[in-house]
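Enquirer: Each chain, letter by letter, is given below.
There are 2 protein chains.
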Amino acid sequence: MLKIAIIGVGTVGSSVANILRDNKDIICSRAGMQLIPSIGVVNNLNKKRDVSIKLTDDIDLVLEDDSIDIIVELMGGVTQAYEVVKKALTKGKAVVTANKALLAYHRYELQELAGDIPFEFEAAVAGGIPIINALREGLTANHIESMKGIMNGTCNYMLTRMINDGVAYDDILKESQDLGYAEADPSFDVGGFDAAHKLLILASIAYGIDAKPEDILIEGIENITSEDIEFANEFDYCVKLLGIAKKVGKQIELRVNSAFIPNTQMLTKVDGVMNGISVIGDKVGETMYYGAGAGGDATASAVIANIVDIARRGKGSPMLGFKSENLENLILMSKDDIKTKYYLRLRVEDKTGALAKVSSILANHNISIEKMLQKPVNKTCVHLLLSTHTCMEKDINQALKTLEDEIVVTKKPAMIRIED
Amino acid sequence: MLKIAIIGVGTVGSSVANILRDNKDIICSRAGMQLIPSIGVVNNLNKKRDVSIKLTDDIDLVLEDDSIDIIVELMGGVTQAYEVVKKALTKGKAVVTANKALLAYHRYELQELAGDIPFEFEAAVAGGIPIINALREGLTANHIESMKGIMNGTCNYMLTRMINDGVAYDDILKESQDLGYAEADPSFDVGGFDAAHKLLILASIAYGIDAKPEDILIEGIENITSEDIEFANEFDYCVKLLGIAKKVGKQIELRVNSAFIPNTQMLTKVDGVMNGISVIGDKVGETMYYGAGAGGDATASAVIANIVDIARRGKGSPMLGFKSENLENLILMSKDDIKTKYYLRLRVEDKTGALAKVSSILANHNISIEKMLQKPVNKTCVHLLLSTHTCMEKDINQALKTLEDEIVVTKKPAMIRIED
Chain A
1 MLKIAIIGVG TVGSSVANIL RDNKDIICSR AGMQLIPSIG VVNNLNKKRD
51 VSIKLTDDID LVLEDDSIDI IVELMGGVTQ AYEVVKKALT KGKAVVTANK
101 ALLAYHRYEL QELAGDIPFE FEAAVAGGIP IINALREGLT ANHIESMKGI
151 MNGTCNYMLT RMINDGVAYD DILKESQDLG YAEADPSFDV GGFDAAHKLL
201 ILASIAYGID AKPEDILIEG IENITSEDIE FANEFDYCVK LLGIAKKVGK
251 QIELRVNSAF IPNTQMLTKV DGVMNGISVI GDKVGETMYY GAGAGGDATA
301 SAVIANIVDI ARRGKGSPML GFKSENLENL ILMSKDDIKT KYYLRLRVED
351 KTGALAKVSS ILANHNISIE KMLQKPVNKT CVHLLLSTHT CMEKDINQAL
401 KTLEDEIVVT KKPAMIRIED
Chain B
1 MLKIAIIGVG TVGSSVANIL RDNKDIICSR AGMQLIPSIG VVNNLNKKRD
51 VSIKLTDDID LVLEDDSIDI IVELMGGVTQ AYEVVKKALT KGKAVVTANK
101 ALLAYHRYEL QELAGDIPFE FEAAVAGGIP IINALREGLT ANHIESMKGI
151 MNGTCNYMLT RMINDGVAYD DILKESQDLG YAEADPSFDV GGFDAAHKLL
201 ILASIAYGID AKPEDILIEG IENITSEDIE FANEFDYCVK LLGIAKKVGK
251 QIELRVNSAF IPNTQMLTKV DGVMNGISVI GDKVGETMYY GAGAGGDATA
301 SAVIANIVDI ARRGKGSPML GFKSENLENL ILMSKDDIKT KYYLRLRVED
351 KTGALAKVSS ILANHNISIE KMLQKPVNKT CVHLLLSTHT CMEKDINQAL
401 KTLEDEIVVT KKPAMIRIED
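Protein chains in written order, with our numbering: chain A, 1 to 420; chain B, 1 to 420.
This is chain A alone, in the form it adopts within the complex:
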């Protein structure tokens, strides 16, 4: 059993407590032990919160409590958070944090201080995307040649709207603030600083390089105009705010800036509030990681993954993720019960009533047509290409048999499933 204290019970902290409750069975089965969110620390006990965890405003009491195994630091900021995690480590408690600013400034001191005590921070970069995990474990065979990432959802949302909908910078900033994507003072996001903190963390794992935000080039998206977007469109570029790390000989180039990238690159497909990070290893080539870079539940997903890692320390992950006795008792669905949409290719005689015949056979099997295209084959035949609304595999298979025997259908029908 591991007992967990959550320091800072805002959006992410509440999600951590609630997910540990809601998904308890599967999480504990994967961890191989009970994980108990025992206490949350907040500044203001009177504030109403939708969270199931017991709360206190006495942080020292929690840090001194020997029954607490893991401190989840979600208070944000640098100075006070640094003091809190230092104290936690001194007391031998494992630490999980989502605090990128803390790590941008103090990651090497913290590594030193942690020693063999687990200190995990998956949520600090790109929210729910397991990019730290990929870089720290999945790509260890590689020299990392470069990393390029869309690591700030606010900027990416704004740029996507500017590009797709021609909205001007000031208007989209106002909209993002109204939607809660951008802060009242947006400079931390739109100025590139948030992305820079994340980039510095990734660069440490890839290159072991110790740099601070003030050491690197950081530019934001504030000066992008409609002319720039016009030029980009004209020459098939997309505008993104990128965190970039590149190995050039024995030097590491680190910078955050808005950038034109060719529309052939996967990163240009990462739109809206989503994040995406492309990593090029000298052996694996390009891999890319995509997902939600922010949001309470997505970020909490990464925090809890770290808690599970800590629970598994010393014994490794179970080979198949679960031990076989921990199954959820799920069963394989019968093929007949699959439900989806279907596309059918039917070659039929080119005569009045053929479509009526086909539709009626489908209707008799509870299948309704959504879209249809007719293409001539030769003088006597046409292709009916059609898609259905959602129906059952069993019904489609029976309908296909009936269609095959139907005289207006001149060739064995073909079917492809549609995944909307």
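Rather than coming from a laboratory, the hints here were simulated on the basis of the structure. Owing to the predicted nature of the structure, the values given are computational and were not obtained by experimental measurement. All C-beta atoms, glycine included, are put in the ideal place defined by N, C-alpha and C. Any given hint might turn out to be false.
Claimed, not checked - Distance condition first, Cα-Cα at most 25 Å in a straight line; then the derived DSS-like pairs of lysine-lysine: (1) LYS315/A to LYS412/B; (2) LYS339/A to LYS212/B; (3) LYS250/B to LYS339/A; (4) LYS335/A to LYS250/B; (5) LYS54/B to LYS87/B; (6) LYS394/B to LYS335/B; (7) LYS394/B to LYS412/B.
Said to hold, decoys possible - According to the in silico footprint, chain B covers these stretches of chain A (three or more CB under 8 Å from chain B): (8) 159-167; (9) 170-184; (10) 195-208; (11) 242-248; (12) 284-293; (13) 306-320; (14) 378-392.
Said to hold, decoys possible - Cβ-to-Cβ under 10 Å is the rule here; a few derived chain B residues that face chain A: (15) SER15; (16) VAL16; (17) VAL51; (18) LEU55; (19) ALA184; (20) ASP185; (21) SER187; (22) PHE188; (23) ILE205; (24) GLU219; (25) GLU234.
Position chain B relative to chain A; hints supplied.
Expert: Just chain B now, kept in the frame of chain A:
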């Protein structure tokens, strides 16, 4: 120190041995110990191979050798490979395998047999993409709602060519065979069986469900025609071979089939021989993983990641990937030395000679223009929007200063970097 034997020294086996030699410093620094590829087992000692490892054809001698810590099984096939890994586990040796067929049939017996002995298989699904790692560790907080993946590069290459270039199925199959992407008997790939093996492995980790290939729906891409692709284009679908796993109540839907998917989905951007797997968790939402699904070095990258994991067992990964004493002595590049392409937005007087003036200032700073667009601003001014060939940050910054002072330039110039 861990000593490694490689059983099967073909494309992937050679890559494993060679990468362990070429990237030795960084790999061992990340692993925290020496990893020694000490012997390779082959059937035919007389075959010429480009590999640095000592070879033998006596597999029993290797399995009996108490100095060998890790068996890397790359022989392929089910029956003999199963005997080999069973024997390795019985002797207490850790196992790393890329053998998807072995796992599709025997993963639960092997988990049972392995007990606390490490048994790893990242390379068995999607080559170099760390998808097992993501699913087994990164997403443990989530009930997995669904997984959809492009897990067979051969099929994806063929479909991409059929869609983009209108090549017919038979022609592209022939081409893929000539290129070495498809086997002489292509049915394992184009029939969906390879993808099914991978899907079953992922489904075990996500759902703990034990199913065999013969239990699930498996269809390939053999029957896709130009009419189907026309229909897909007409209604903005893309055709892909997908492995699909979905949780529907207490049932798990598992199937491999060619599918129409809407072009809005990220998976439709996964083209050519690349693989991509989209996973939807109930908390994190969609995450996607993209990269090379095959090839010697990419697959070896995953095999070696597993070897490093085994070396780290019991102590966890170093917080920042390396211990601080293991740095590669890389240094941060000075901002001035950054080299890239640049886009410049200049507002200039609309008169003869303005462009000449601008070009000449750029040329004086070793900057040459690649592309240019001119856009009217008002009666007296135009925007010159231009991109440069690769040049140095230092030069661009000086050029921007000179341009700002130049009389034909009527507003402070703006710059965006281009990442080709």
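Enquirer: Looking at the structure, which of the earlier hints fail to hold?
Expert: Going through the list in order, the structure violates hints 1, 8, 9, 17, 18, 19, 20, 21 and 22 and respects the others.
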